[in-house]
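Please construct the entire structure, taking both the sequences and the accompanying hints into account.
Residue-level listing of the chains:
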Amino acid sequence: MKRHALSAAILCGTTSLSATAALADLNLYCSAQEEWCQIMEKSFEEATGIDVAMTRKSSGETFAQIQAEASNPKGDVWWGGTGDPHLQAAEEDLTEPYVSPMRDQLHPWAIAQAESAGDKTIGIYSGALGFGYNSDMLAKAGLPAPACWEDLTKPEYKGMVQMANPNSSGTAYTTLASMVQIFGEDGGFDYMKRLHANINQYTKSGSAPIKAAGAGETLIGIVFMHDAVATTVAGFPVVTVAPCEGTGYEIGSMSIIKGARNMDEAKAFYDWALSKEAQDLALQVNAFQVMSNVAAEKSEKAPDLATLKLIDYDFKKYGSSDERKRLLSKWDTEVSTLPQ
Amino acid sequence: MRTVSLEQTTHPVLIFWIIAGWVGYCILPWYGVDKFWSFEWLVDGWPLDKDYAPAAVLIAMGQKLWLAPMLLALAAPLLVLGRRKTDPLYAKVLILAGAFGFSWLVAQGLGIGLRGFAFGWLETLFGPLEDRQFGMGYGAMITASAFLFLFTQGIAARGAVNGDVFVTGAIGGVIAVVTVFVFYPILIMMLAAFATDEGGYSFLGFFPKLFDYRIWSLGCLTGGRCGVAWNSLFLAVVVGVLSTLLGLAFALVLTRSGFRYKRALRALSVLPIITPPFVIGLAIILLFGLSGTVTTTVAEVLGVEATRWVYGLPGIMIAQVLAFTPVCFLVLIGVVEGISPSMEEAAQTLRANRWQTFRTVSWPLMRPGLANAFLIGFIESMADFGNPLVLGGNFDVLSTEIFFAIVGAQYDQSRAAVLAVVLLAFTLGAFYLQRFWLGRRRYTTVTGKGDSGMHAIMPRGLSIPIFIVVGLWSVFTVVVYGMIAYGSVVQLWGVDNTLTFKHYITAFRVELGESGLRWSGSAWASFWTTIMIATIAAPLTAAVGLITAYLLTRQDFAGKQAFEFGTMLSFAIPGTVIGVSYILAFNVPPIEITGTGLILVISFVFRNMPVGVRAGMASMSQLDKSLDESSLTLGANSWQTFRAVILPLLRPAILAALVYSFVQAMTAISAVIFLVSARYDMSTSYIVGRVENNDYGLAIAYSTALIFVMLAAVGLLQLLVGRTQIGRRTSHGEGH
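Chains A and B, in that order, give the protein sequences. Quick note on numbering: the first sequence equals residues 1 to 340 in my numbering. Quick note on numbering: the second sequence equals residues 1 to 736 in my numbering.
For the record, the hints were derived by calculation from the structure and aren't laboratory data. Mixed in with the good hints, there may be bad ones.
Going by beta-carbon spacing under 8 Å, a handful of chain A positions derived as facing chain B [as the list claims (entries may be wrong)]:
id, residue
1, Ala-53
2, Gln-65
3, Ala-68
4, Ser-71
5, Asn-167
6, Gln-201
7, Tyr-202
8, Gly-235
Restraint-style ranges between C-beta atoms, simulated for each label pair [unchecked claim]:
id, chain 1, residue 1, chain 2, residue 2, range
9, B, Val-294, A, Lys-140, 16 to 24 Å
10, A, Lys-140, B, Arg-435, 52 to 60 Å
11, A, Gly-118, B, Thr-500, 48 to 56 Å
12, A, Ala-145, B, Gly-303, 23 to 31 Å
13, A, Asp-264, B, Glu-130, 21 to 29 Å
14, A, Asp-264, B, Leu-65, 33 to 41 Å
15, A, Asp-271, B, Gln-63, 34 to 42 Å
16, B, Thr-500, A, Gly-159, 30 to 38 Å
17, A, Arg-194, B, Val-294, 27 to 35 Å
Just so we're clear, the structure is a prediction, and the values are computed from it rather than from any experiment. Glycine included, C-beta positions come from ideal geometry on N, C-alpha and C.
Shown next, in the form of structure tokens:
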């Protein structure tokens, strides 16, 4: 206790040197990429004069933190990250219902996301699942370019496909759930088993496979298409593929944390984040998702959701804890234990 | 021995703590105050505003009446001020007052929280409470310390540890802080291992989870895959042994050879310890990955297909051995330097040749160092999380499994807790094996007697292989760091190799604006926070660690074994678990410190303290007790002895503790990622964000800058702490 006091004394003595700003008026948990979070923070401060303290963590980490802080919330609003943890937070009653006046400007899928969770979350962007390949490596190996999910199970790609582990990554869980919805439960698991034979590694993080493809550490990576496009824009020789059978998608979401200390500011941010001005910021930071405001600008490089064959993804069913547990344990016992 | 002090009737230490207790109770704000050190609260309604009021004022206003009983405990010690220490009443009153005050303070803190009573049974007993309380502040903290040290003074007066006030106080203080910041959060976390899906607790549900085939499967013996537990164990043993041997090789070259470029070698061997996470992993992929330089070259020369061989056990092993050898080296160098040359010379005088001397004298005396080094390598490997994440391939280990059980798509805290139990069992097992191996032998070689020998040079049969190993390893290290430096100045690592400084400019831009300098680079905020936290945490870590080591090696008291176990515990638990358990434990009253810089400092102090303890113990077990005794005989008390005799001889251990904790604060990631907040973002969490975002250039540029900062800091620390001057002849032409 004595040392505790001492450390506090020194700590606070030095804080004054680093000139901290006044207490933040809005505590933002951000689960998108760093630049996007920063530009959202700065632009909101400029637009409203409200001071924002932003913490960037992946959606899984943020969800774990909100869960841990449930009895004494520190955050006000949680912006970005795939929809499942937002839905789960709604299910566990960690987030606050809110109907924004901006709703009539949004795509129907964004509103559907809100309605399925009792208005406790809302869609801010969406991105479709697909894969990307390293064009240099493909040419060097003289292989044909894959175009469909089914192509990835061909023997010539043995040991060249990478995807994330559905136990650890929301992206890979979306893949698993999409296959079950595209091919049916039996067909989907049969597909995952055949794919398993070609997988060189199940990564922990969802976007790691496309980074590995960019760096030449795998030929093909199964990821969200906007991540693949961003890798290409970053300068890597990666080609993005929209699978011919159709594909599933995620809805990046936003929620207000239940018991937020700055509820009015949280709602102001919520409304602002759904506006065209806020959503146009995405393109400035190479985020190629489709934004939820109908009027938001679109990039030519971004995959056009209108031309994709999107399945009718059942977020309520596949986002629920029970179905998730069931599919994951089935994948664990039936797929991941097979020899490669 | 100290009859003089026993006759005193004024007790300065006692008076100090009595005053502290009253100040904490009657003057300082009892509850936590935002921005305490700006002292705005002084002019903002203190002492009557109930957010800033001291406990005494609150009670006078008829609020928080449960704080009142502590007044008794504060008043009681005043009665014995005039009495002698030998008076039985003196001890009795202090013990009673301290114990009662402290336990009441803790009990009310835990019992009454944000929503009134914290436990259902309290509510059924007393009815619902309309009031509530927030986290404790400085008033409560100082009062608590006062109670604690009143209690230990009472214990001392009764004759415990020879009536030594300093030693009993230190023991009490260390026990208190370790309990609060290690046991309490771990306990909260462990409760989760027994949690069921329905939100209850079940003892029976724990065992199926513990004996899950995914943890214990032995499939790899028959061609399948092994469970994570075996993977981790195997990896940790191999890494522990290899890093210890390499560390020893470096230490031997530095102390027992005529090697010329010792300084360069020393700097090189310490380089990996100051490297932020992920960077070594990325460099190894660029060297040995599927498209890596070495892999493609070798594949072309041999005419074979390039493979992903590095992903999995080989990659993690290379990266971890590279990363942990320096820590082992730091532990070993102190021990190897400390071995008394007289013993070696005595052996030689008795006509032992160099090899016999090394095998029968030097080697056995190195055993405490070797055991400690292995233990540290083993535990570090078990808890390491960055390298398996980047290089793991399909080779799963416990630490990453725990991380993704918490943050991954499973959100399964109870599985994480179960895995943490397994991990803890392994590390504690290693800890007991180590004690068993060391046994009860004595390793003392630094005594008060004159000792001006010279270290024997290694036997030739040993020095040749050691030089080869050290040489190869040094070349490898240089190549890896060359890659890193190169990576920070190219456009896009591995793809576009045009040289550029843009990454450094993005991160560390400084502009000259109207109001002076503007630190507009994107890395500055996290950079200054990191420097600040590291600077505060390092000396605290060293202090707590060395005091603990002193108590463990020099003092005998009841419960010493449990005490030692407690101080090592936080090291054996992976950072991820610490991070989550800290959030669970310290986000709510009585101690509410999440989102502050303080929680980062505390987590660093208690995570790194064990290194200070181990290094201190390894060095202290070499110092003869006669040194202490002569100091005590000459009338010094134990604090003076510690400060003037032991401490100066411990310089290598102090340096190890300081360097390690400073560097850890700049490079650790697993606990930090849970504890950073908007106001206190750390460089490692910033770097991870860049890596996640494909921005390798910026991540590596930032890491490179940090490496230089740490090099400067290590140099500065070395200068400040100085070298231990054990009276010996200068050896092997090394200039002084």
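When the hints from earlier in the document are held up against this structure, which numbers fail? Result: no hint breaks.
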